[in-house]
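Asks: What follows is each chain in one-letter form.
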Amino acid sequence: MSTINDIYADGIASGWKLINAATLTESRTFEADVVIVGSGAGGGTAAEILVEAGLSVLMLEEGALYTAADFKDMDEWRGYTTLYQEGGGRSTSDGAVAIFQGRAVGGTTTVNWTTSLRTPEQTLAHWSQAFGVQGADMATMGPWFERAEARLGIAPWAAEPNRNNALLRDGCEKLGWKWKTIPRNVRGCWNLGYCGMGCPTNAKQSMLVTTIPAALQKGMTLLHHARVDRLLLGPAGVEALSISALGQDVRTPTGLKLTVRARHYVLAGGAINTPALLLRSSAPDPHGTLGRRTCIHPVNGTLALFDDKVNGFHGAPQSIYSDQFLWPEQGVGYKLEVPPLQPMLTTGLFGSHGADLTRDMARLDHAQVNVALMRDGFTEATAGGRVRIDDAGNPLLDYEISDELWAAFQRSFLSMAEAQFAAGARSVRPGHLDGRDYTSWEQAREAIKSLAMQKHRVTLYTAHLMGGCTMSSDPGRGVVDSNGQHHQLPNLSVLDGSIFPTSIGANPQLSIYAFVGRNATHLAQTLKA
Amino acid sequence: MSRTLSSPGTGIDRRQFLKLSAGGTATLALLGASSQLTGCSATVIAAPGMQFLTPDDVALFTALLPVVNGTAYPAADAAVRDRALQRIDEACALLQAPARAELRKLIGLLHLRVFRRLVCGVSTGWDQASAGELTAFLQRWRDSRVGLFNAGYRALTKLAAVGWWSQAASWPGSTYPGPPAWALAALNAPSA
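Quick note, the sequences are listed as chains F and P, same order. Here the first sequence is numbered in this note's numbering, starting from 1059 and rising by one per residue. Here the second sequence is numbered in this note's numbering, starting from 361 and rising by one per residue.
The shape of chain F in the complex, shown without the other chains (with noise of 0.2 Å):
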């Protein structure tokens, strides 16, 4: 007997008021008192305060919605074409750096691997000093996370890492390095592995699980297969939404055109879409902010090869981290995961073909790999990419990798091989078209320092898209205010990961959740008054 409630099967049974914009027939023009671009961590919980504190919200969402019962199949073809943006293959636009972004109700919540880690006290002190973010303080952000972790149930994982993790651990430890146990947004977990395909047990507390069915239990409208073309601007701010339904293969615009009126705008649609839709826009920006700062905690990895089996591909993907390295005195900082290692998602790493991709995937069961998350951003020489529009107005993402990166990427190859080869690898390979399977740490350090870093030649990869629209009290250096309030357009704010004004150095989902809690509330105090 299956054992998993269908969620939105028996919500819709009850009432709750979802439309399929592919289904319509006919112009509509839908009004409320806020409207929401956007169901991922910023949408999602902007939207359940904002249907809590008594306001009539609708959410708007791109994406398809998908539930439990499609995801029972496990499987990354199905995952990766329907539930992220670009069917998967969304890149930086030279192709150099491959991004991994959700595209469905819930957003990137539905297909995260689940890390829920707050923001660092030196990113929040940086974000004070540097951009004048008024109450980013931990003191005051405290309560927020407190909050989030409560409502998601996030947690440190207390069931043994799978051997890809438990391994990055080993490896840690046995240098005197720093690690711990990743918090994960979890409840009731079965230690799959297939967080990044859609939770198929309800499991991981994503927007789709918690926040969006509360908000439609109170009355929200989730309108999906929704594209906002553009914000109409007017004298006194956004005047409406203009919309393009989508069919039912979530691409092809049917041809009918949808209108939103709201009091007030709310925009989460990500750092790569909020950005793009206030450009189409022609939303005001007189400093030229906007499209600006756009960080990604660019990654690359390593791939050791163990005795033993590893079988990287079940188990909670994520569940150590390590920063040791993510402070350093000179230069950018990383942190130390691990990715899942099912088949599709670990080929790319490879960079290989022929008889050597036959031979490396032969042995994915014995595969371990390190990823390296650079903290970008905090630097002039690595302060992000930009979010740019073409004719059409399709989003592209231009990022740059300065010489002060590019060493940051260099000492990471290093520190993950010394990692697997303390672990006890019989190997360790760069992702970079020159590695190949070293067999001592010797080895391995020599050829890694005469790699050459250059795009396409090292494997590169995002799964961290945040800012475009930073958030500073100063309009000359920011698109909203501390509050997410754009800075010139009054009913407007930007609730989503495009307000940090530099990554993170975590996972961002928390910050997310932790930010919009505080400035939705704000939202809906101000919007109440």
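These aren't lab readings, by the way, just hints derived from the structure by calculation. Take these hints with a grain of salt, some might be off.
To be verified - With beta-carbon atoms standing in for the labels, derived distance ranges:
| no. | chain 1 | residue 1 | chain 2 | residue 2 | range |
| --- | --- | --- | --- | --- | --- |
| 1 | F | D1366 | P | P415 | 47 to 53 Å |
| 2 | P | Q499 | F | R1484 | 49 to 55 Å |
| 3 | F | G1292 | P | A541 | 37 to 43 Å |
| 4 | F | H1345 | P | P415 | 50 to 56 Å |
| 5 | P | G507 | F | S1508 | 15 to 21 Å |
| 6 | F | D1456 | P | S483 | 47 to 53 Å |
| 7 | P | Q499 | F | S1460 | 53 to 59 Å |
| 8 | F | K1236 | P | P537 | 33 to 39 Å |
| 9 | P | S483 | F | S1508 | 31 to 37 Å |
| 10 | P | Q499 | F | A1420 | 25 to 31 Å |
What the hints assert, rightly or not - No farther apart than 30 Å at their CA atoms in a straight line, the calculated lysine-lysine pairs in the BS3-like style are these:
| no. | chain 1 | residue 1 | chain 2 | residue 2 |
| --- | --- | --- | --- | --- |
| 11 | P | K518 | F | K1513 |
| 12 | F | K1367 | P | K518 |
| 13 | F | K1130 | P | K465 |
Predicted model only: the values in this text are computed from it and were never measured. Quick reminder that beta carbons are idealized off the backbone N, C-alpha and C, glycines included.
Go by the hints and put chain P onto chain F.
Replies: Frame of chain F, contents of chain P only:
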């Protein structure tokens, strides 16, 4: 299917190619000129049953699938090949317009005879090329110090790899047992 590596034969040899790559400006000029040529070409029409891949693209990826994936790929299995091609097509179609346009530009170049001969070292059509020529082509683009070729290598191999390694039929070749059987059984059992 035989997988012996034949010598590139009529293609330009490795030294000539490296010279071309080293003189990056000449190559890039060729790339630029050629992409303008493709920009002027007739409307691209997808093959029957495809959203993005043209008949020429289907021939290209049919040739690349065994060469990218190696002996793990069952080249004689038509069902596997057809599903791989469908998935490559779907992966391309799911990209937003800017990425799709870049990909079309790259693939368009690969269909230009002069580009294929001088820059890829393949003197025939893709469907006629030997495994040796195709392997040499991939290796050249992989080893090139010109970032654009590395990017092309990444794009082509990623598509061909995803077409195959996303299929359950590939799991024995990757030691991946699939999702835990007990969980699949528990989740997919009919409701009581």
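Asks: Now tell me, hint by hint, if it's right for this structure.
Replies: Outcome of the hint check:
1. D1366/F x P415/P: 47 to 53 Å: holds (48 Å)
2. Q499/P x R1484/F: 49 to 55 Å: violated (26 Å)
3. G1292/F x A541/P: 37 to 43 Å: Roughly 59 Å apart at Cβ, these two residues miss the hinted range, so it is violated.
4. H1345/F x P415/P: 50 to 56 Å: holds (51 Å)
5. G507/P x S1508/F: 15 to 21 Å: holds (18 Å)
6. D1456/F x S483/P: 47 to 53 Å: violated (37 Å)
7. Q499/P x S1460/F: 53 to 59 Å: violated (31 Å)
8. K1236/F x P537/P: 33 to 39 Å: holds (34 Å)
9. S483/P x S1508/F: 31 to 37 Å: Holds, at about 35 Å.
10. Q499/P x A1420/F: 25 to 31 Å: Given range 25 to 31 Å: violated, Cβ gap about 20 Å.
11. K518/P x K1513/F: holds (16 Å)
12. K1367/F x K518/P: holds (26 Å)
13. K1130/F x K465/P: violated (38 Å)
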